[in-house]
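There are 2 protein chains.
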Amino acid sequence: MKEQIKDKKTAIMESALKLFTERGFHGTSTAQISKEAGVATGTLFNYFPTKEDLINSLYFEVKGQLSQSMGKEIEAQSTFQDKLRKIWSNLIKWGVDNQEEFLFVGQFCSSPYITKFTREEVMKEYVFLHDLVNEGIKTGVIRDFSAELTIAMFYQASRTVVNLILDSDSSQDKNKFIEDGFKIIWKGLAKK
Amino acid sequence: MKEQIKDKKTAIMESALKLFTERGFHGTSTAQISKEAGVATGTLFNYFPTKEDLINSLYFEVKGQLSQSMGKEIEAQSTFQDKLRKIWSNLIKWGVDNQEEFLFVGQFCSSPYITKFTREEVMKEYVFLHDLVNEGIKTGVIRDFSAELTIAMFYQASRTVVNLILDSDSSQDKNKFIEDGFKIIWKGLAKK
DNA sequence: TCTCTAATTGACTGATTAGTCAGTTTACTG
DNA sequence: CAGTAAACTGACTAATCAGTCAATTAGAGA
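Read top to bottom, the protein sequences are chains U and E.
Following my numbering, the numbering of the first sequence begins with 1 at its first residue and continues without gaps.
Following my numbering, the numbering of the second sequence begins with 1 at its first residue and continues without gaps.
Among the hints, erroneous ones may be present.
Where chains are identical, the list cannot tell them apart; a pair therefore holds if satisfied intra-copy or between any two copies.
With a Cα cut of at most 30 Å, we get these calculated DSS-like pairs of lysine-lysine [unchecked claim]:
id, residue 1, residue 2
1, K192, K116
2, K183, K9
3, K35, K8
4, K86, K187
The hints are simulated quantities; they were obtained by calculation from the structure and are not laboratory data.
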């Protein structure tokens, strides 16, 4: 039964994710979500007391996945620049490979749903990025701006590149965007 | 009567803008909008055949305002860097001074409402930015990346800074964010 | 003042919404 | 097998939705 539980719950979350990115939060009804998941309406409310709970759970789930993908194989990188480069490509790969999740995060973050509390709560998962940036500043590899600004500029730049890739038809532009995007943000942040 | 028309129409648009940023598109009903505007429901549908028409009109209106603010006093600037610097501060000033409009644009652009067509349609207003960037590339002031990438990185960086300012309590951080943000994006884009 | 036209109104409609709950099925235990 | 607890169902509800339209109001010209 444990397996069943997970099956239905994930089915609901997957359907919700798909429909939310297609039609928006309020544009998607709980009835549509349960139908798409092949589940009764009541089951949805068994797992998520309200629709807003579902949206929030989805956001934490997706942000967790993103944060995990982001940190992959960083230790294997020797220089600070290589580490940042790896995070850069991890972020972009995640966005391109998980288009729905990527769009969902964008939608959620620009929506009135997100509170300052939620944003700060999620930020906790990015402590290691914060530490890395502070280390880079201390060792003089990157310029001494506030870590908040540095991280935000870096993260949003990666989102910009993903959006360009998703809009672009040609797949050869893809790598150019990734390379050139990093050139821009790295030169902007690096000390020399 | 001409005056009346404009009064009611703008009242509707202003109320819609306010409520959309507070509660999202689907989260705001046409009844709420008309009530807030001090107008009957029927009047709203007199000016905007459907709710989607209202949202779209609002987007074009707001983007027009933004594009106008962005280009202010550029001719007065002599160097290319000064021009970009002016656009940078214009963009940020607009976002900070027109918070609702700023958030609305963000919400709309990340929503499923926006089509590739709408995005391209709005892009036409930014031809002068495109020209400026191409000129910068040709004269060797900025690095030779695709104008699309350059503009997107620059524009999104300015949005990032506005978001940081809106989240920040201290007003002395504000100028620091604007200054440092430009340092980052300029060094990233400039040739030397 | 009267007339005509266009703007405005808000009660109304059929459809849809988030969420409920009494009853049914399922799977495990003893 | 019987007993039980939890998962699951879907018809149901009160509220709300986008959009309509017949009736009313207001202003401009004669």
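*Hint check, failures only*: 1, 2
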